[in-house]
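Asker: Just need the whole structure built from these sequences, with the hints factored in.
Okay, here's what each chain looks like letter by letter:
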Amino acid sequence: MIKLSQIEKVYKGKNGNSVHAIKGIDLEVKRGEIFGVIGKSGAGKSTLIRCMNMLERPTGGQVIVDGQDLTAMNDSQLREVRKQIGMIFQHFNLLSSRTVYENIAFPLELVGKSKPEIEQAVLPLLDLVGLTDKRDQYPSQLSGGQKQRVGIARALASNPKVLLCDEATSALDPQTTKSILDLLKDINRKLQLTIVLITHEMQVIKEICDQVAVIENGLIIEQGPVLELFTKPQSNTTREFISAIINHDIPAIFADTEFSAVPLPDSTLVLRISFIGHSAEEPVIAGLIRRFNVDANIIYGNVDHIQNTPYGTLVIEVSGEQQKIQEALEYLQARNLGIEVIGYVARHDSAAH
Amino acid sequence: MSQDMIALLIKSLWETTYMVAVSSLIAALAGIPLGVVLVTTDKGHILENVPLNRILGSIVNAARSTPFIILMVAIIPLTRILVGTSIGTEAAIVPLSIAAIPFVGRLVETSLKEVEYGVIEAAQAMGATPWQIITKVLVPEALSSIILGLTITVISLIGYSAMAGAIGGGGLGDLAIRYGYQRFRADIMLITVVILIAQVQIVQSLGDYASKRLNKK
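Keeping their order, the protein sequence lines are chains U and V. Going by my numbering, the first residue of the first sequence is number 1, and it counts up by one from there. Going by my numbering, the first residue of the second sequence is number 1001, and it counts up by one from there.
Not one of these hints is a red herring.
To be clear about the criterion: a stretch of chain V counts as covered by chain U if any three or more of its residues have a C-beta under 8 Å from a C-beta of chain U, and this derived list gives those stretches: (1) 1114 to 1124; (2) 1128 to 1135.
Taking lysine-lysine pairs in the DSS-like style, the calculated list, with each CA pair at most 25 Å apart, reads: (3) V:1216 to U:115; (4) U:134 to V:1217; (5) V:1136 to U:83; (6) U:3 to U:23.
What the hints contain is simulated information worked out from the structure, not anything from laboratory work. A virtual CB, placed ideally from N, CA and C, is assigned to each residue, including glycine.
Answerer: What follows is the structure, encoded as structure tokens:
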């Protein structure tokens, strides 16, 4: 649906200083999916999404939306194609002099639709975003969440194929964010609408995205299905984002402990187990204790869902005979689990004592 | 006060109202588009044209820095071309309008700059043409503030119109100078001042009311 190839954006500043905001990005968004781009501020994510409807003209590369090459278009062709690309914004950008109804009607007015046609289109949209009773209020009378709902309805009025969300929930509190994300997901399913969103909150990605790309310094450093990125992050930046919602740190009680990479005499093993999907339901810990006659002390545990798939992390400390601990580790590594050895701790240091 | 004096006051009131109303109208009709051009041709805006912007900006600055009484005399040849005479109420309208156009232009420019660029961008993202952005976004969003700017203009013009006496334009200010000051008629001076104050109050109140009605922020 959207294909970016080798997108570059250079901002020319005064006295020859130039900022290379995007340094060659390739990206493909498939029809009907929710694609998230996550990055810190200044990473280039806002520039990237604005290249998708050419609010920002890339200095190099190609933007193809629904088979049309936007980079080759002149201004009037662009205006036409933009009507198929809805966009919502962090600060909503509603017209303060127009009511909710008139704001949603705005894109239809632009294309010269008649009053009855406009009414026919706007009323179901008001209903879709749950603002039927607010139709004659002005934006200043609405809450942030309601304003974003107006923004969404306005973006949908021209029946777009793609919806671009530029930090759409960043100005909202967590509960409102949740309700807006639910609405977006709902729209995605009902209208088979392709959604691209950029954010700095991993929560948003986790909540609704199918695919995610991590952007840093104008480059995509990692991308893939959300579950995969969450469970097997490759880069430090990705790990940092994930740690905001899933604790990947070593539990605090080990803060002063020295870990050894190799077994020490009379030591315990601390390891992190990640469960994905059905393996989360397998009683591995019980199996471990029964088979190898070792003790397993759970130090930290977390079970969550990403897109209806259970996902969990456990940090456990295994103690027992050295030989048995090694066998237990091999047993765990043979299963379909993510196993990360944090290290060996001399027994007198261990958390169990 | 004699019948003659009352007739003179009424005539002067009419002259002031007429001069100010016509020149305000002309100033608004020319000044609003001027303000729009000043904003939209600025760097990074929807109709970016930096050379045009600079040239217009310089002309506006030049016109605004010329004292009104000098402007009035300096453009007498132009006045003669436009209204056929350089003396009288009609003749005063020309310099009043010309002084007010750049004034309105700058005020409208300031009002339009208050419109958040994000709103313009949203319209662009919906495929709006520059003309649609001006007429459906910029001007309506800034209208309440533009009205306040026009109110200030009308009040300034009431003040400037007092100088129109210099080219025989008449009006209350002229009356106050000729009778109140030069003939030591304190009563005439007082009455004209009171009328001028009332005029300004009425204009300001109307402007505030209209602006408030239009402001939905």
